[in-house]
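Q: Listed below, chain by chain, are the residues.
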Amino acid sequence: MTRQLNTPTDRGYSLVMGTLAVIGLGILIVPVIIVLLSSFTSSTVLKFPPPGFSLRWYEALLDPVRSRHVHVALSNSLWVALSATALAAILATLAALALNRVSRPSARAMEAGFLSPLILPGLAFGLATLMYFSILGFRPSLNLLIAGHIVVIAPFIFRTTLASLTQLDPALHESSASLGAGRLYTFRRITLPIIAPGIAAGAFLAFVASMDNVPVSLFLSNARTNMLPIRMWGMMETTLDVRVAAMSGALIVVVLVLMIVMDRLTNLTRRMSM
Amino acid sequence: MSGAATGETAGVEWRLAAPLGLTYLAFFAAPLLILLVMSFSVDDNLGGFSLAAWAKFWGDPFYRGVVWDTLRLGLVTVAMTTLFAYPIALLFIASGPGLQRLLLFIVLLPLLTSVVIRTFAWIAILSREGVLNQALLALGLTTAPLNLLQTELGLVIALMQIEMPLMLLPLITVMRQIDPSLSDASRALGGSKWRTFRKVILPLSLPGWIAGATLVFASATTAFISQTVIGGARLVYLPTLIWQQAMVVYNWPFAAVASVTLLVAVLAGVSLFAMLGRFARTA
Chain Z
28 MTRQLNTPTD
38 RGYSLVMGTL
48 AVIGLGILIV
58 PVIIVLLSSF
68 TSSTVLKFPP
78 PGFSLRWYEA
88 LLDPVRSRHV
98 HVALSNSLWV
108 ALSATALAAI
118 LATLAALALN
128 RVSRPSARAM
138 EAGFLSPLIL
148 PGLAFGLATL
158 MYFSILGFRP
168 SLNLLIAGHI
178 VVIAPFIFRT
188 TLASLTQLDP
198 ALHESSASLG
208 AGRLYTFRRI
218 TLPIIAPGIA
228 AGAFLAFVAS
238 MDNVPVSLFL
248 SNARTNMLPI
258 RMWGMMETTL
268 DVRVAAMSGA
278 LIVVVLVLMI
288 VMDRLTNLTR
298 RMSM
Chain V
8 MSGAATGETA
18 GVEWRLAAPL
28 GLTYLAFFAA
38 PLLILLVMSF
48 SVDDNLGGFS
58 LAAWAKFWGD
68 PFYRGVVWDT
78 LRLGLVTVAM
88 TTLFAYPIAL
98 LFIASGPGLQ
108 RLLLFIVLLP
118 LLTSVVIRTF
128 AWIAILSREG
138 VLNQALLALG
148 LTTAPLNLLQ
158 TELGLVIALM
168 QIEMPLMLLP
178 LITVMRQIDP
188 SLSDASRALG
198 GSKWRTFRKV
208 ILPLSLPGWI
218 AGATLVFASA
228 TTAFISQTVI
238 GGARLVYLPT
248 LIWQQAMVVY
258 NWPFAAVASV
268 TLLVAVLAGV
278 SLFAMLGRFA
288 RTA
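Sequence lines, in order, name chains Z and V. Numbering (our numbering) for the first sequence: 28 to 301. Numbering (our numbering) for the second sequence: 8 to 290.
Isolated chain Z (complex conformation):
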């Protein structure tokens, strides 16, 4: 027997670590559950537990007249997120192909540069883009938001694609080439199918990051180009509008469904902890 009997200090260890883990998991999950339940409240104020349940806030959210601004913000956010993710996926995949298996210092520096938006404070970058575009004389538009979002979300796709490329056996390329296949053909038939789940997982994270982006949207959006998180922030700052809870409930369900689908398709949960 290699294990010794549990001493009192060992039991203390298990108790302390177990308690902290339970509290920690509670901090992660309880707020999500509370928002979901609060969104079905029948009351006009956000209170937990709700005095009664109703769908009134979901109805208010769907009302085309009362919630027109929310709908505009949602469609703006979706358009920007879809465009930025599609463009970032192309750019980041090409860049990952360029830097794959290159260990020169110049390649390492470029890799660090492409990943740096993950670490640099987004708010400083957001303000920088506002100053930059205003000095160039551009008026606020969704296209500027797309440009700003690409920079912020491209690292997610670049990282997952680079990781999936390292699992690609170079011998596959050589055999494909020696059999007379062109480079584009090899990419389409060999490389792309193997790295596609990596690109998809990164694109999913990028899409969510764009939908949720505050630092860039805060500075580049205005009344006409309002974005969903900024709109929701405004609703929360002024009146603690319960529609925010309904919007939250809807978004949580959408993300949950997307997460399960993506997990099936790309093994997202495992990819995130590799």
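Simulated from the structure, these hints should not be mistaken for lab results. Incorrect hints may appear among the rest.
[Said to hold, decoys possible] Quick list of the computed label-pair ranges, beta carbon to beta carbon:
id	chain 1	residue 1	chain 2	residue 2	range
1	Z	E201	V	D191	42 to 52 angstroms
2	Z	G39	V	V255	44 to 54 angstroms
3	Z	D90	V	Y257	32 to 42 angstroms
4	Z	V288	V	S102	21 to 31 angstroms
5	Z	D90	V	D186	26 to 36 angstroms
6	Z	L105	V	K206	24 to 34 angstroms
7	Z	S81	V	P152	23 to 33 angstroms
8	Z	L89	V	K206	40 to 50 angstroms
9	Z	S161	V	P26	19 to 29 angstroms
10	Z	A208	V	N52	32 to 42 angstroms
11	V	N52	Z	L285	38 to 48 angstroms
12	V	D186	Z	A208	10 to 20 angstroms
13	V	R202	Z	L206	30 to 40 angstroms
In this text, a Cβ means the ideal position worked out from N, Cα and C, and glycines have one as well.
Could you slot chain V onto chain Z? The hints should help.
A: Only chain V this time, still in chain Z's reference frame:
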């Protein structure tokens, strides 16, 4: 042939890297350069060179206090996140595949939940009539409701929800690679569980912790929505200051100074964690 995937000796294929590189140059490097120039300028049209904004920022103890508060918020959040992330990671390692999948799901969920939603939830939990106060009053742990909104403690609790996944993912990745027989050997040789944790698990998981701590520090110091909504008007951090100066006061050079300060402060913090990592490896 200079294919990107032909082997370790291949060079960078610049034609493939160029599209993203040029995009970053135009929309990332250039704006940051303008930000730096703006901080040394007289007005928001880059009218002329001036050190006035820098002198005003660093000459005022209030603004110096804001810088210090922001850095402290980052460090306290890293410490608190560490306290809960290690037990969760240990639980993860000890679990079977089914429970591991569920735990990863719980860890990923906050990361994919909108920042505004998360903040909204914490108001419902931390306010005077909130869930936490109701629970504490019901359990008799406090006689009067605690005021947690607009306090640093409340803000750190709310930040922990989003920062914990950033710490946990690299930590779990590294702790999975630790050979379990090392812990078994320590236990067989008479080491208590505490000692095994301190002498085996903690040192071996340090690279994962450093990667996580870097992300947590960078993210907590720039969490604008949490800082303004939970912190309210009483707690001012650099992101709030930047937003006010840029969009309310319209003092762009001053907002640029605050932004450059935030950039440098975060980079300094990140390099500090990186140095800690190198030191830990050589020591």
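Q: Each hint needs a verdict: does it hold in this structure or not?
A: Here is how each hint holds up against the structure:
Checked against the hint of 42 to 52 angstroms, the C-beta distance between Z/E201 and V/D191 comes to roughly 43 angstroms, which is consistent with it. Between Z/G39 and V/V255 the beta carbon distance is about 52 angstroms. The supplied range of 44 to 54 angstroms therefore holds. Distance hint check: the CB atoms of Z/D90 and V/Y257 are about 36 angstroms apart, consistent with the given range 32 to 42 angstroms. Remark: the range hint 21 to 31 angstroms for Z/V288 to V/S102 is upheld by a beta-carbon distance near 24 angstroms.
Hint check: Z/D90 to V/D186, Cβ distance near 59 angstroms, so the stated range 26 to 36 angstroms is violated. Between Z/L105 and V/K206 the CB atoms are about 52 angstroms apart, so this pair departs from the stated range of 24 to 34 angstroms. Distance hint check for Z/S81 and V/P152: the Cβ-Cβ separation is about 27 angstroms, which falls inside the suggested range of 23 to 33 angstroms. Checked against the given bound of 40 to 50 angstroms, the beta carbons of Z/L89 and V/K206, roughly 58 angstroms apart, lie outside it.
For the hinted restraint 19 to 29 angstroms between Z/S161 and V/P26, the CB-CB distance of approximately 26 angstroms keeps it satisfied. Between Z/A208 and V/N52 the beta carbons are some 56 angstroms apart, a value that contradicts the proposed interval 32 to 42 angstroms. In this structure the supplied range 38 to 48 angstroms holds for V/N52 paired with Z/L285, their Cβ-Cβ distance being about 44 angstroms. Distance hint for V/D186 and Z/A208: a CB-CB separation of about 42 angstroms, inconsistent with the stated range 10 to 20 angstroms.
A C-beta distance of roughly 59 angstroms is found between V/R202 and Z/L206, which places it outside the suggested range of 30 to 40 angstroms.
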